[in-house]
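Undergrad: The chain contents come next:
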Amino acid sequence: MALPKYTEPHYRIWHYFYLLICGCVFFFLIAPLFVIFPLSFNAEEFLVFSDGMKRLDPDAFSLRWYKDMIYGTKNPWGLAARNSFIIAIFATLGSIILGTLAALGLSSRHMPYKGLIMAILISPMIVPLIISGVAIFFFMAKVGLAATHLGIILAHIILGTPFVVITVTATLSGFDHSITRAASSLGSSPYNTFMKITLPLILPGVISGGLFAFVTSFDEVVVVLFLAGLDNTTIPIQMWTGLREQLSPTILAVATCLIILSVLILLTAELLRRRSERLRGINR
Amino acid sequence: MSSETGKILTTDGIPLEESLKQAEKKNKIKALLLVAPLLLFLIITYMIPIGDMFSRSIDDKMVTNMLPKTYKAMENWDGKELPPEEVFEAFYLDYKILVKNKTAGKLQTQLNYEKNGFKSVLKKLARKQKKFEEGNYKEQIMKVHKRWRNVEYWRAIKRRAPSYTYSKYLKGIDMYSNEDGKIVQVSEDRRIHRILWIRTVEVAFFVTLFCFLMAYPIAHLLATLPMKYSNLLMICVLLPFWTSLLVRTASWMILLQQQGIVNDFFVWTGLVADDNRPEMMYNKTGTYVAMTQILLPFMVLPLYSVMKTISPSLMRAGKSLGATPAVAFFKVYFPLTIPGIGAGCLLVFILAIGYYITPALVGGASGTLISNQIAYHMKSTLDWSFASAMGLMLLTGVLAIYWIYNKLVGVDNIKLG
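Those protein sequence lines, which keep their order, are chains A and X.
Counting in my numbering, the first sequence runs from 52 upward without gaps.
Counting in my numbering, the second sequence runs from 5 upward without gaps.
This is chain A alone, in the form it adopts within the complex (with noise of 0.2 angstroms):
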């Protein structure tokens, strides 16, 4: 940002001071992330950089806790990445179905009470995920989910859904409802309007809520230490033993998995939010 010639000095002064406050912040945010790259080729056992890597030293870089990610002997990864991608897929495919229906109920103007059903429907959201895992707790041990994948998929659902809720509700907002009224009154069944013309249009809000879902479900730590057996140990909960027992620069590996993981999440929601940015544009 250039200032114009007749900013007062002081105010420059202010202005880069302001500049550079930025900067700090930006830097504390996106520094982190950036340490677990150069450690998880580390060709030692230390988190810490080591003299030859400071030296750039081809020597001190390898690939060994890749390869121990991958291959190590009696390897959590793979059966948990497994397990994480499973539960994911289904909790969000589940969220992506009961939210956009909720939605769509939502956002017609007939609904009754609803106020009171959106504070229920997102609520999952607002109460503390402790309590919320507590509470999934008692439910799953009581109809016997509890360590099972499907008990996992459920809970997962239940945090994921208030994203997608909230998502299409508010692609919904800027729905114009008389398209789906010209496709009606044009003889198409109300299935056949919904596939056609109301689910592209409200598409971009459908898949970046499951992003959310997904991401929550990936991510999710504190509801699956309550719930999860041996069976069903995933990603997070793998990490979390590890990062609780012994830091090892394995977990720097799949740290690193994780993060261009999310890149590519960060992409697709950038890009999705660009098209239904456009496609608004349209609308209006």
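Keep in mind that the hints were calculated from the coordinates and are not lab data.
All C-beta atoms, glycine included, are put in the ideal place defined by N, C-alpha and C.
It is possible that some hints are incorrect.
Derived DSS-like pairs (lysine-lysine); straight-line CA-CA distance at most 30 angstroms [as the list claims (entries may be wrong)]: (1) A:K247 to X:K232; (2) A:K247 to X:K30; (3) X:K29 to A:K247.
Which bits of chain A does chain X cover? Going by a derived footprint, with three or more residues having C-beta under 8 angstroms, they are [stated by the list, open to error]: (4) 129 to 143; (5) 160 to 169; (6) 172 to 183; (7) 270 to 283; (8) 300 to 308.
Dock chain X against the given chain A, drawing on the hints supplied.
TA: Frame of chain A, contents of chain X only:
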């Protein structure tokens, strides 16, 4: 007659009003049916279990059910002197069944909570009662241990008669109801929960404050920069936002360890001596630093979305009317950002107050919060009713914050993303 003719009919001959009402009703049912699956799912798997936590937290049927005859016999006992023979007999009979079913251990633990030293007395009785003769149980029981002659112990049993209790809630704030039924504080060295509550609120408050102080300038910068720069900088906010919580906590564990980069930096600048590196992890400092960084995006995003809608010409107008930049900022710009500040602070405070993972990993003993205590009782001591009680106390706090916020700012003013 005039009203008859005044009615407009649809083509099927039904009055329009009625037809519209029917359509309205149909639409209402349709909307409800769409919401119903999720609503029912959440009510069954989520709302009812939270209610279940409440009944669990006040539930005290265990002891009541273990000593049915005793409590029946105790109904007429005023608790001033030693109970009469019937009570002794009933207690002997109840206890005999418990010993036979091998559930006496539970009663021993429960009564020991009520009165210290009960466990050993009951264990001794379990051994001796096999040789009891019929009749005159009062004498025989009192002979087993002299504490049976102490009326305090019988009062302790009587206190557990009701099938519900609020003692778990009292325990949550370091109180208990003593022998006379008065509510008093526990002894000074055992007041752990109150410290935790205060620390939780303190950490949540300061983390919110730090987040606000750091988020405000960068949200402002993001909102005022041209799109192509701000999009790039936005990645700095969004990437941590989308990154796993555990990954970010792990990176702080690496940074803050004693041989870590932050300490290296301090040594390099000469702020601290190499052999005197400060402990920055496993204490409150670690909790503050890590939680602030992790929750910062939740403050930036609402602030940004509000600031984005404020037209820059407002500030210019203020300045052109003679305000200095500072006055224009505080009189024009700042008040307009209050909905964003409210939303961000609410979000961060509520997330912080229930935080579990980060304090557990970097907090050490002095940096753990109330949720760590809840998890501890859920997983280690298995005192689930106490965990439920604490959880509900926390939930009440969170809901109270919402309520106050709604009164002050209005939840409708929240803007997320």
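Undergrad: It remains to establish, for every hint, whether it holds in the given structure.
TA: Verification of the supplied hints:
1. With a CA separation close to 35 angstroms, the supplied pair A:K247 and X:K232 exceeds the 30 angstroms bound.
2. With a C-alpha separation of about 23 angstroms, the suggested pair A:K247 and X:K30 falls inside the 30 angstroms cut-off, and the hint holds.
3. Note on X:K29 and A:K247: the hinted pairing holds, with a Cα-Cα distance of about 26 angstroms set against a maximum of 30 angstroms.
4. Given as covered by chain X, the region 129 to 143 of chain A fails the check, having 0 residues with a CB less than 8 angstroms from a CB of that chain where 3 are the minimum.
5. Only residues whose C-beta sits within less than 8 angstroms of a C-beta in chain X count toward coverage, and the region 160 to 169 of chain A has 5 of them, enough to reach three; the restraint holds.
6. Counting residues of the region 172 to 183 of chain A whose CB lies closer than 8 angstroms to any CB of chain X gives 10, which reaches the minimum of 3, so the coverage claim holds.
7. Three residues within the 8 angstroms Cβ limit are the bar, and the region 270 to 283 of chain A against chain X gives 5, so the coverage statement holds.
8. Coverage of the region 300 to 308 of chain A by chain X holds [criterion: at least 3 residues with CB-CB distance below 8 angstroms; count 3].
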